Structures are given as C-alpha cells and as structure tokens.
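Those sequence lines, one after another, are chains V and D.
Using the working numbering, read the first sequence as starting at 1 and increasing by one per residue.
Using the working numbering, read the second sequence as starting at 1001 and increasing by one per residue.
What the hints contain is simulated information worked out from the structure, not anything from laboratory work.
A quick note: this is a predicted structure, and the numbers were derived from the prediction, not measured.
Restraint-style ranges between C-beta atoms, simulated for each label pair: (1) D:T1018 to V:Q149: 51 to 59 Å; (2) D:A1428 to V:P93: 54 to 62 Å; (3) V:S159 to D:I1015: 37 to 45 Å; (4) V:Y126 to D:E1355: 51 to 59 Å; (5) V:E97 to D:T1018: 34 to 42 Å; (6) V:P93 to D:G1026: 39 to 47 Å.
Which residues of chain V face chain D? A partial, calculated answer using Cβ under 10 Å: (7) D75; (8) L86; (9) A101.
Glycine is no exception: its CB is placed at the ideal position from the N, C-alpha and C atoms.
Letter by letter, the chains look like this.
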Amino acid sequence: MIWLKIIGKIFRVLNAEATPKQIAGGVMLGMIIGLTPTFSLHNILVVFLILVIRVNLTAAILSMFAFDLIGYGVDPLSDWIGGAILTSTALRPIWIEAYNAAIIPFTRFNNTIVMGSLAISLILLYPVFHFTKYGVERYRSDLAAKFQQWRIVKAVKMSRFYKYYQTYRSIVG
Amino acid sequence: MRWKFIIPFLVFILIIFTFVAFFLDGIVESIVEERASLLNKAKVEIEDLDIGFLRPGVRIQGLAVANADNPWRNMVEVGDIGISVSVLPLFSKRIIIEEMVMENLQVNTERKTSGELPRRLKKRLKTEEKEERKPVEVPCVKLPNLDVFKKKFDVKELVDINQLESVKRAKQLSEDVSKMKAKWESELKGLDVKAKADEIMTKVQGSLESLQKTQIKGPADLLKLQSDLRNLREAIDTLKGLRKEIETKKAAFKKQVATLEKSLKDEVKKLRDQDLQSILKELGLEQFTKVRLAEAFLCPFLGKVLNLIWNNVDKIRTGMPKTGKDEPLQTRVRAQGRDIIFPSVKKGPDFLLREARLSMEQEKWSFRGTILGVTSDPVSYGKPTRVDIQGKRPNLVLNGILDHTGKTPIDTVSLDLREYPLDGFAFAENPLSLSNITRGFLNLKANIALRGNSIDLKTITTVKNLVLGFSEKGTENLMVNMVKEAMKTAPSLSIGVAAKGTRDNPQLSISSDLDRLFASQLKSFAGKKVNALKASLGRQIDDASGKEMKGFSDTLSQGKLDILNQFGSDESLVQENIDLLSGTVASKTDKSKSPKKEKEKGLEGLVPGLIRR
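Work out the full structure, taking the sequences as your base and the hints as a guide.
As structure tokens, this is what we get:
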C-alpha cells in the first residue's frame, strides 16, 4: 500500500501546477538532506531554504527519502572522498581555520562521511536539477497522455485505496 | 517568500528553545551523573543543577561522590559549586571557566544509601574498562621472627632437607667423579701404551736378537752391528717420548683431581652458606644485626602511597597532555566515518579553568585554597597549574606546581603539616599488631618532585607524645612485646623517608630513631640466641650434606687410585723396555767409553777381534 501511496504522490507532483523548476529545486535540496547525515547543522539551513524559497515541498520530501536510502549505500564512498578532502595538505590551513572558528565545528565538517556526502551532493546539485527539470518537461509534453493509458495506472485509479484517497484530497483540499 | 511556512518554522524553533530552557538542566544533570559515576566507578549524585543563560554558568548543589572502595561513605561531598563560563568560546567548542567556587567541601562522610553503581552502569563499565598500568613494586624487608626461639628449633620442620642446594650438589658430586674417572680411562685407552710399546719392540726384535747373538768376524758384521745399534737407539728415543707423554697426562690428571677436590668442596661450602642465609631469610633473621624496623613497618604503606601518587599523576598527565602544533592529524572512529582532529590554534586551549576557590569546614578539617590554570592544553596556555591550600585545622600549607608546558612534565608538591592530632588513627593489618594511636601529634614536611618518570620524594615525620594501641592478636609475639617495651621509653620519634629512581625501579630509604632504640634492645634480647641458632642450622645442614660429601671423597680417592695405578703400570712397561734396550746398547758399546779414543782407534777400538785377526 505504501508503494502505491508513494507512486501516487510522485504522479501528483508531476501533474501538479508547480513548474518544472520548482520540482527540480525541491528534488535538488531534498537530495542534500538525504545524502548527508540528517542531523547536521547545514541541513537546518537547507530546510530553511526549502521552506522559504518557492520549491515544491512534496518533491523535496520524496527526494529526501529516496536519497536517504541511496546515502546508506554510498557511505563507504563518502568516507573515502571525505577522508581525502580533509587530509589534503593543500586544504589543511582552511580546515584548521574552520576547526578553530566559531559555530563551524558544530557542522561536524571534520567527519569524513559528512564532508564526503556533502561533496557528492554538491557535485550532483546541477545534474540533478537539470535532469529533473528536463524529465518533468518531457513527461508533461510527451508522456503524460500516454501514461494515463498504462494498465497499471488504470489499475491504481480503479483501486479502492485511490478512491478513498481522492475523497480525502477533496475534503482536505 | 512563503510566510505561511516561515511563521510555523519560527514557532517550532521557539518551542525547541522553551524545551531546552525547561528540561536542559535535568538532561545535563543525568548525563554528568552517569559519566562521572562511570569514571569514579561508584555513584556520583547531584541534588540540583542549574544552567544560567543570562549570567552564563552552572550551579551545582549537593554533589556527593561515593567511595568506590566503601560504598556506604562519600569520598567527597560539596554543598555548593558555582561555575561561571565565557560564552563566546563555547561557539568554538572551547570551554573556558573563568571562576569556580566550591563551598562546604567535606570528605569521608556517611551515606544513607549505598554508592555502588547500578547494574546498568556496571555492565557499561565492564565494556569501557581500560587496561591499567602495572603497579609500582617496592622491595620491602621483613621483621625478624623471634617466635622461633620459643621452642627447640629443627631445620627439618622448616624446609625439606633434601631440597637444600648444598645437599643436592653434594649428591651430584660422586656422579661428577665417576664421569671424570670414565673420561680418564678413555684417555688412557686412547693412549694405548701397551700396543705402542709392543709395536716398537717388535720392530727392533730382529736387531736385538742379532746384537745378542752375532759375533763380528768381518767388515760386513761391523756394518750390521752399526745398523742394529742405530735401530735400538731410535726405539729407545720413541719409548722415552711415550714415557714423557704418559708423565704429562699423569700430571694433568693429578692437577685436575686436586682442582676438582678443592673447587667442589668450596662450591658445596658456598651453597651451604647460601642455604643457611635463605633459611634465615625465611625466618626474617638475615638482617638481624641491622634491624630496619621502621622500613619493615612502613614499606608496604609507602608502596601504596607511591602507587597512589603515580596513579593520580597519570590521571593529571592524561587530562593535561602536552600538545604541539606540528603533531600528525589524529582520527576518531565515529559510526561508519571518522572524525579528523585538527590542532587547536590561535585561541588557546579547548578547556581552561582559570581559577577555582575551595573551602572546607569540618569537625577535624578547616582549610581554604585556590587552584589556578587547569587546562587541557598546557603548551598553548603557557603557564603551569598552581595549587595553594592553607589550613587552620590542621595547620597545613600545601603548594603544588604542575608544569606540563615543557618537553618533560614536572610536577612538584610541598606539604607542611603541623600538630595534626593522631588520636583514633586506626592501623591496617600490620606485622607489629598495632591497632590504633591512642594519643599523638604529627608534624610532617614532605617535598615531592616528579620529572617525567622519575621521582624524588623526601619526607620528615615527627610524632610527639605518642601512645600506641596494640591488638590482642599480637600479645604472644615476642617482637610486638619488644616494640611495646621500646615505645615506653620513646614518647616521640622521627622517621625520614626518601624515595628516588623511576616508577619501575623505585629506591626507598627509611631511617628512624626507633631503629636505633630497637636495635640495642633486640641485640641484648636475642643476639646470643640468633648466633646459637645460626650454628645449629649450620650443623644440621652439614650433617645432611656430610654423608654425601663422604661418599664423594671415597669415590674420588678410589677413582684417583685406579687411574694412577693404570698410569703406573703403563710407565713401568715403557721403562722396562727402555731398560732392556739401553742395557743391550750399553753392553755392545761398553769397550769404547771415550768417543775420542774410539775415533782415534777407529774400527779397531770398536771391534778389537777384527784387528786381532
């Protein structure tokens, strides 16, 4: 049931009034929270950004959960990348400065997984934004009509759960 | 801007702050209690903990630190602790305590509940326990055991006589002699004198017979005679060589026997003396003439004191390590990742307690003091930690400087304690059966300097108007009775203790006027008895090893005789052959006594028959 709910959410986002840029922005910011350890200081800033700027909230939440799962898988890679960045001789003066500065140490930037996953999410920032935006645009222009004809979509729409969900949406608005 | 999201977000933040303001105290209190209990290995309890935000700091009331060795007593109890903290460094993960005031400090107070760790924390303690350093071992002397004089003494009751080293060695000596004999028999066999002599004699047998029978009738006989004589002379030389070889070996044998006899006897004698010493040591009588009563009594206690000093120094040095800016990066494993620890620079240490003031008012204790500059990074702070405590009850001055700013940590502490009443002081179990001090005043001056791993400790203790209490256990002990007698005439005594060396190899020296007083008493009481005991012990050991030594002497004499006989028969055999050959040669050359004449006469002189014809 939960999977149907998630799939339903995804399609709701894709078909929503939100622009492809807003959806892509939500996915992009959700990715940062998902990939990096959740309880890190920089994530408060990301959450604040999601709430303040006009990005799609549902997309951000879905992206956060999706990338959280991926994040566990890439932890060894994050550890390796973070270790390489933090022990780099060239960057050492910067890290020492940051380590001794106010507040920055609370971001746990000196942890290999925090630094590595943040680096990975920063690298993926633009590609994720671009491909999500492109994907949503393509979906809306070419795939949306065809997609409605898919048997699985019809099956979902015929299901009792979907009817309940539609009723719930009409009440909540 | 989505104001409909920002307002709930701000409300959420406000709720969090309210929660922290209300519940943070309790959370921190339980965390501090738990961590401190694990460190202390017994309960650490706090009545109330307040975190101040307007005037940043912490106030702790009713801190009770239970004694891990006696959970029904508190090691320390503090009524009120006020801590004021600098705010800005907190944002850089640095804790700078500007001032800490500890009031109503009390030690060794009674508890209403047990201070043992709860089961949950005990389990955690087991997993967190670290390997402790090997304790300092101090070699101590024993008090003489005079109770051995109470009954007739028999060495067999103390030790298994057959296990004494001298007896074991004496048993082994006969075996050594048999081995030596076998070795020499084999040497003689290798020399094989009879075969060699027979071979020589067989070679010259023809010449010998020819010389004995042949008459010289012509020049051919003369030449034959010359050749035979030459053969015999060569054989004589070979036999003489053989005789010399036998003589050399015989001399070596005699020398070895003499050396063996002496060295083995000396060895057994030495072992006998060692056995005697070890038995006396068992009895605690080996240092009888130089009794070190104070050292024997105080040494185990000083061992504990040295361990206490080193353990606390270890804790201080671990907490206040020497750090440098060029040290390699450290890592700490955290979840699946690692925390890279960068050096602290510019802004000083991560932890600094600038000043702590403490005061204590108890029935027996009343003092005030300050502790300055406790820090996690003495190098970057650049100043040593100072401790100054002054007491009224007792009258004491304690000064300490813990300097960890250089290459080698140097910790120095000096203590001057005066007129401290010792009434009621209870002794732990001790060889003198002392139970408590009924009356007495203590004056103590102590200086201790610890440089790296080396220690230099000097203390002078004077006890005045001393009256000691003894337990019932020691009434039958002669030593205890003697101490009691000695103490009657010694209302005051002084003890000097010095400890030097390293933590692995401490050297103690303890001197006391009690020793002088006691030594003369001891000598007059038991001097003769100890000497008689030594003589008796010596006799008993000699008796035990004597049998074996006699067996050894008999075996040695017999072995010596056997080998010398063999040498003798070999020598005789060779000598007989030399005599036989020399006789023959002499008889044939008898008529030519002067070589000059022989030369003048030529062949005529040698063989007159030839000329005559």
